[in-house]
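A.B. asks: Heads up: the protein sequence lines correspond to chains A and B, in order. The opening residue of the first sequence carries number 0 in numbering that gives the first Met the number 0; numbering runs sequentially from there. The opening residue of the second sequence carries number 0 in numbering that gives the first Met the number 0; numbering runs sequentially from there.
None of these hints come from the bench; they were simulated from the model. Cβ atoms here follow ideal geometry from the backbone N, Cα and C, with glycine treated the same way. Fair warning: there could be bad hints in the mix.
[To be verified] What follows is a list of derived Cβ distance ranges for each label pair:
(1) His-28/A with Gly-34/B: 39 to 47 Å
(2) Glu-23/A with Arg-55/B: 34 to 42 Å
(3) Trp-38/B with Gln-60/A: 54 to 62 Å
(4) Asn-64/A with Gln-81/B: 27 to 35 Å
(5) Met-157/A with Lys-70/B: 13 to 21 Å
(6) Ala-114/A with Arg-86/B: 53 to 61 Å
(7) Arg-20/B with Lys-138/A: 42 to 50 Å
(8) Asp-85/B with Arg-68/A: 30 to 38 Å
(9) Gly-174/A with Asp-73/B: 42 to 50 Å
(10) Gln-77/B with Cys-116/A: 48 to 56 Å
(11) Val-2/B with Gln-142/A: 37 to 45 Å
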Amino acid sequence: MSQAEVTNDQPARAFEPEPRHWVERYADHLYSYAFDRLNHEEQARDLVQETFLAALEKVGQFQGNSSERTWLTAILKYKIIDVYRKRNSGLRTQRIDEEPELEFFEQSNGHWKEAYCPRQMGVEGGDPLVNKELAAILKKCLQKLPALWLSVFTMKHMDDAATETICKELKVTPGNFWVIIHRAKLNLRACIQKSW
Amino acid sequence: MGVIKKIQHDCRHATYLIEKRQHTSLTIKERMQLGIHLWGCSVCRLYQRQSRWINRMLHTLFHSPEDTKGKLSDEFKQELQQKIDDRL
Chain A
0 MSQAEVTNDQ
10 PARAFEPEPR
20 HWVERYADHL
30 YSYAFDRLNH
40 EEQARDLVQE
50 TFLAALEKVG
60 QFQGNSSERT
70 WLTAILKYKI
80 IDVYRKRNSG
90 LRTQRIDEEP
100 ELEFFEQSNG
110 HWKEAYCPRQ
120 MGVEGGDPLV
130 NKELAAILKK
140 CLQKLPALWL
150 SVFTMKHMDD
160 AATETICKEL
170 KVTPGNFWVI
180 IHRAKLNLRA
190 CIQKSW
Chain B
0 MGVIKKIQHD
10 CRHATYLIEK
20 RQHTSLTIKE
30 RMQLGIHLWG
40 CSVCRLYQRQ
50 SRWINRMLHT
60 LFHSPEDTKG
70 KLSDEFKQEL
80 QQKIDDRL
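All chains should be modelled from the sequences, with the hints used to inform the complete structure.
C.D. replies: Given below as structure tokens:
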């Protein structure tokens, strides 16, 4: 079938899926959504393709009670969580009781270690990210976080996902969840201070 | 070391509570512990300011408009369109 015929479809009823228009309508949005969460071009591209192909197979199940865009994004979201799980499975060897925060605090009393003690950076409280340099530092420091911490962090801050959802999907106990949030932030803050 | 003194010294636990509080409510005991600690610890008060500021930056970063980010190449889109058309 030629392109001309493809684009000359009859106008569809509301919320009826129109796979022929998916690429032009949603590919950039889905790619951007995946890239933000994975920070990996190739994986993001692959997931956009997988999402469309998976959606094609499920097109008969599309209920029409959400928009096409929401439906496709939901499929993509599950695929992103799968990637998180795969990335994290390589980290199982790092046990939660290794206490990496002892890098920052004295074991005996919990005091800040001198080298990691927070210092005024002179930009706190300013308009976030007006400073491009700061935004670049933040991105760079995020990428230094271990995969599991970054997944937890991304789901929490980007999607405002409920703690229970994150724990269930990434197989983290609720107790460990706050430990991870704490460690991730300690590392992120220290990295920003060091780089600023 | 007395209980109060231990709380006053324990920046590790205080920063843990600072993080937890930004996402959920603390128990009464935790709120008291954090209050006592922050009252006397200017370093953790600074940590708290910076931690909130980082959360605001993260929010802005994660919710910035799409047009500032990378796009898919036309070539990739054409291939993708072809794959979809083939399956229809």
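A.B. asks: It remains to establish, for every hint, whether it holds in the given structure.
C.D. replies: Tested hints:
no.	hint	in the structure
1	His-28/A with Gly-34/B: 39 to 47 Å	holds, 45 Å
2	Glu-23/A with Arg-55/B: 34 to 42 Å	holds, 35 Å
3	Trp-38/B with Gln-60/A: 54 to 62 Å	holds, 57 Å
4	Asn-64/A with Gln-81/B: 27 to 35 Å	holds, 31 Å
5	Met-157/A with Lys-70/B: 13 to 21 Å	holds, 19 Å
6	Ala-114/A with Arg-86/B: 53 to 61 Å	holds, 58 Å
7	Arg-20/B with Lys-138/A: 42 to 50 Å	violated, 26 Å
8	Asp-85/B with Arg-68/A: 30 to 38 Å	violated, 23 Å
9	Gly-174/A with Asp-73/B: 42 to 50 Å	holds, 49 Å
10	Gln-77/B with Cys-116/A: 48 to 56 Å	holds, 55 Å
11	Val-2/B with Gln-142/A: 37 to 45 Å	holds, 41 Å
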